[in-house]
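Chains as they are written, first to last, in my numbering: chain A, 3 to 180; chain B, 2 to 435.
Certain hints may be false.
Stated by the list, open to error - Rough simulated footprint, nothing fancy, chain B against chain A, three-plus residues with beta-carbon under 8 Å:
1. 64-73
2. 114-122
3. 125-132
4. 156-162
FYI, nobody ran anything at the bench for these hints, they're computed from the structure. Where a beta carbon is used, it is the ideal one built from N, C-alpha and C, also for glycine.
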Amino acid sequence: MKSTWRILLALVIAVAISACKTTEPATDTSATDTTDTKPVVEEATTSAAPDPRDYTDARNFDNSESLLSKRVIYFDFDKSEVKREYRDIVAAHAAYVAANSTARVTLEGHADERGTREYNLGLGERRGNAVSGLLSVAGARGGQLDTVSYGEERPVCRVSDDNCWSQNRRVEIVYTAR
Amino acid sequence: MNETMKKLIYALLFLCISQLAHAKLEIEIIQGNASALPIAIIPMQWLSADPRPETGVSEVISSDLYRSGLFEPLADEDMVDRPVDEESIRYGTWRLLKVDYLMIGQVRDAPGGTGYDIVYQLYDVHTQESLLSQITTVGFGDLRFGAHRVADAVYEKLTGVPGAFSTRIAYISSTGTGNAQNYQLFVADADGFNPQAVVGSPEPLLSPNWSPDGQQLAYVSFEKGNSAIYVQNVATGQRELVSSGKGINGAPAFSPDGRYLAMTLSYTGNPEIYVRDLATGQKRQLTNHWSIDTEPLWSPDSQWIYFTSDRGGRPQIYRVAAAGGKASRITREGEYNARASISPDGTRIAVAHGRGNEYRIAVLDMDTGRMRILTPGVLDESPSFAPNGSMILYATREGERGVLSAVSADGNVRQRLILTEGDVREPAWSPVIR
Numbered sequence: 003m004k005s006t007w008r009i010l011l012a013l014v015i016a017v018a019i020s021a022c023k024t025t026e027p028a029t030d031t032s033a034t035d036t037t038d039t040k041p042v043v044e045e046a047t048t049s050a051a052p053d054p055r056d057y058t059d060a061r062n063f064d065n066s067e068s069l070l071s072k073r074v075i076y077f078d079f080d081k082s083e084v085k086r087e088y089r090d091i092v093a094a095h096a097a098y099v100a101a102n103s104t105a106r107v108t109l110e111g112h113a114d115e116r117g118t119r120e121y122n123l124g125l126g127e128r129r130g131n132a133v134s135g136l137l138s139v140a141g142a143r144g145g146q147l148d149t150v151s152y153g154e155e156r157p158v159c160r161v162s163d164d165n166c167w168s169q170n171r172r173v174e175i176v177y178t179a180r
Numbered sequence: 002m003n004e005t006m007k008k009l010i011y012a013l014l015f016l017c018i019s020q021l022a023h024a025k026l027e028i029e030i031i032q033g034n035a036s037a038l039p040i041a042i043i044p045m046q047w048l049s050a051d052p053r054p055e056t057g058v059s060e061v062i063s064s065d066l067y068r069s070g071l072f073e074p075l076a077d078e079d080m081v082d083r084p085v086d087e088e089s090i091r092y093g094t095w096r097l098l099k100v101d102y103l104m105i106g107q108v109r110d111a112p113g114g115t116g117y118d119i120v121y122q123l124y125d126v127h128t129q130e131s132l133l134s135q136i137t138t139v140g141f142g143d144l145r146f147g148a149h150r151v152a153d154a155v156y157e158k159l160t161g162v163p164g165a166f167s168t169r170i171a172y173i174s175s176t177g178t179g180n181a182q183n184y185q186l187f188v189a190d191a192d193g194f195n196p197q198a199v200v201g202s203p204e205p206l207l208s209p210n211w212s213p214d215g216q217q218l219a220y221v222s223f224e225k226g227n228s229a230i231y232v233q234n235v236a237t238g239q240r241e242l243v244s245s246g247k248g249i250n251g252a253p254a255f256s257p258d259g260r261y262l263a264m265t266l267s268y269t270g271n272p273e274i275y276v277r278d279l280a281t282g283q284k285r286q287l288t289n290h291w292s293i294d295t296e297p298l299w300s301p302d303s304q305w306i307y308f309t310s311d312r313g314g315r316p317q318i319y320r321v322a323a324a325g326g327k328a329s330r331i332t333r334e335g336e337y338n339a340r341a342s343i344s345p346d347g348t349r350i351a352v353a354h355g356r357g358n359e360y361r362i363a364v365l366d367m368d369t370g371r372m373r374i375l376t377p378g379v380l381d382e383s384p385s386f387a388p389n390g391s392m393i394l395y396a397t398r399e400g401e402r403g404v405l406s407a408v409s410a411d412g413n414v415r416q417r418l419i420l421t422e423g424d425v426r427e428p429a430w431s432p433v434i435r
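Chain A extracted, bound-state conformation (with noise of 0.2 Å):
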C-alpha cells in the first residue's frame, strides 16, 4: 500500500514539474526544408533515368540535376521582379504545367521581418503574382494558378540578419496537383 502511495506521489510530481516548465523562447536557426513539397505518387512509366531538360518529365521533380527540382525563387529587398537567375527555373515550371492540364499551382509569397506585417503581406502577394505572370506569359492557364502570401509570417530563418532575411524574401512553388 505505501509503496503504491509513494509512485502516485512520484507521479504527482513529476507531472506538476513538467507542467511548471516555461516554454523556451524559440531557437531554432535552421532553415526548414522547402524544397520537397508534396510527395506526389507518379504511375511508373519507363525505367530509364529522365531527360533532366525535359521539363514535362514529373520525374524531374526529384531530380536534382532537373530544375523542375528548385521550386524556390529569392527577391531582394522591397522587390517583386524575378530576378534573371530565376528564370530558368520558372521556365521549366511554365513548361510543366502548360503540358500538364491537370497541374495546379499555389505560390506562397514570402517576405523578410523588416517593414510592418500588412505591408508584407502586399509585398508576399507581389511577388506570387510576378512568379504567376512569368508562368501565364509561358503558357500556364489561369485556372491552374494560385498565388497565397504569408507575408513576414512564415520565415524559414529566424535570425535578423541579411543572410537570414535573403532566405525568407522568396515565393515557394507548391504544387497542389502534378
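On the provided structure of chain A, position chain B as indicated by the hints.
Frame of chain A, contents of chain B only:
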C-alpha cells in the same frame, strides 16, 4: 487519500500555478523620468472576513503609477508609518521623507455581499488638503480591476489626464517552430496580468483591432489556408467570418462608431482599402491604385482614413476622406513610414519609421509637421496609442524573439513588458471600457 498527501499535492499544484503566473510578466523601466512625483501609497487595511488577496490593492496601484513614469511611489521598506485615517497622518514625517502625496484606504465588504468597497483618500502632504475621497465598488474577482480604477482616479487628479490603467491590451503570441508552431490571440490587463487566450491556431494570426466599445476584436487568421477577417466577441468567444475572398483579407479597423470596418482586400489582384458596413455587409472601395494600399486607420472624428501606400515608391502614410476622394501624403520625412496609430485628439500619428535596417517608433505632429523618433530600435513596429494618449505600446525584438514595450508619448519614459512565453507582437491597446 491520506490528508498529508492531499496537502502536499495541492501545495505542489499551487506552487506550479503561481510559478506560471509569475513567469508571464516582468516589467522593467528602461529609461526613467527625473521629475516623477513622489507619492506614498500606504498598504490598505483589509477589513473583509475573506482571505486577503496575494497581491494587495495598494501594490497594484503603486505599480501602475510607477509604470506610467510620472510617479515615484515610496518603497514599502521606507514606510516608517502606516496611518489608517486622517487623524493618524503625521505630515511632518512624510515631508521629511520628501513625499508630496499620500494615499490611505481600506478594503471592506460591499453592502449586500456583492463584492468589495475600496475606500480611499488622497492628501497633499504640503497643504494637508484632501484631494480625493472616494469609494470604488467591485465584484469578488475584480480587486485588481478596482485597483486599476483607483490608479486611474489618482493619475487624473494629479496630472489632469484620465488614467488608462483599467484598460486592456490584445496581442499575438507565437510559440514553437515548424509543424509545432502555434499562434494565439491574447487579451490581458493593461499591466500584462490576467492573459486570456481568445483564439488559437496552428496557422498565422495577425492584426488584432478593438471595437470602440471594447467588446469585440477583429483579426486576421490563416486557418482556412488563406487570410480571412473575423470579428469575435471577447467575452463569449462567438465570432463571425467577415471576409475570406481571393487574395489578401487583412488589416481590419473599426470605425469610431463601430458601424464600419475598414480593411485591405486584394481580390481584384491588387491590395486596396475598402469600408464594409457591418450591419448590411455592403462594402465600398476607397482607394484605387496599382500600389500596395493597406493598414487603414480612422481619424477619431471619422472624417478621414489614414493608410500605408507605396504609390510614391516606398511605403508612406497617406489619408483620404472617409467619404472617398483623392488621397494626400502625410509623412514626408524618412524612407519608410507605415502602420499608423492616431492619438485620441487626432493631432499626432505614431508610425513604424524605417531607415536602412533600423525601424523605430516615431510620432508625427500633424499641425507642425514635426517628426520625433521615440525608440532606439532596431526592429520596432506596431505602435498603438493608449486611449488617453499618454503612452504608445509597440513591438520590438530581443535577440530572436518579440517582446512588447511601451514609451511615453513624449519619449521620456520607456518600459518593457516581457511576456516570457513565445514570440510576442502586434499589441493593440483597448479603448476605455466603462
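Do the hints match the structure? See the list:
1. Residue count for the stretch 64-73 of chain A with a Cβ under 8 Å from a Cβ of chain B: 0. That is fewer than the three needed, and the coverage hint is violated.
2. Given a C-beta distance limit of less than 8 Å, the hint that chain B covers the stretch 114-122 of chain A holds, as 7 residues qualify and 3 suffice.
3. Counting residues of the stretch 125-132 of chain A whose beta-carbon sits less than 8 Å from any beta-carbon of chain B gives 4, enough to reach three: the coverage restraint holds.
4. With a cut-off of 8 Å between beta carbons, the stretch 156-162 of chain A has 4 residues touching chain B; three or more are needed, and the interface restraint holds.
In the structure shown, a violation is registered for the earlier hint numbered 1 alone.
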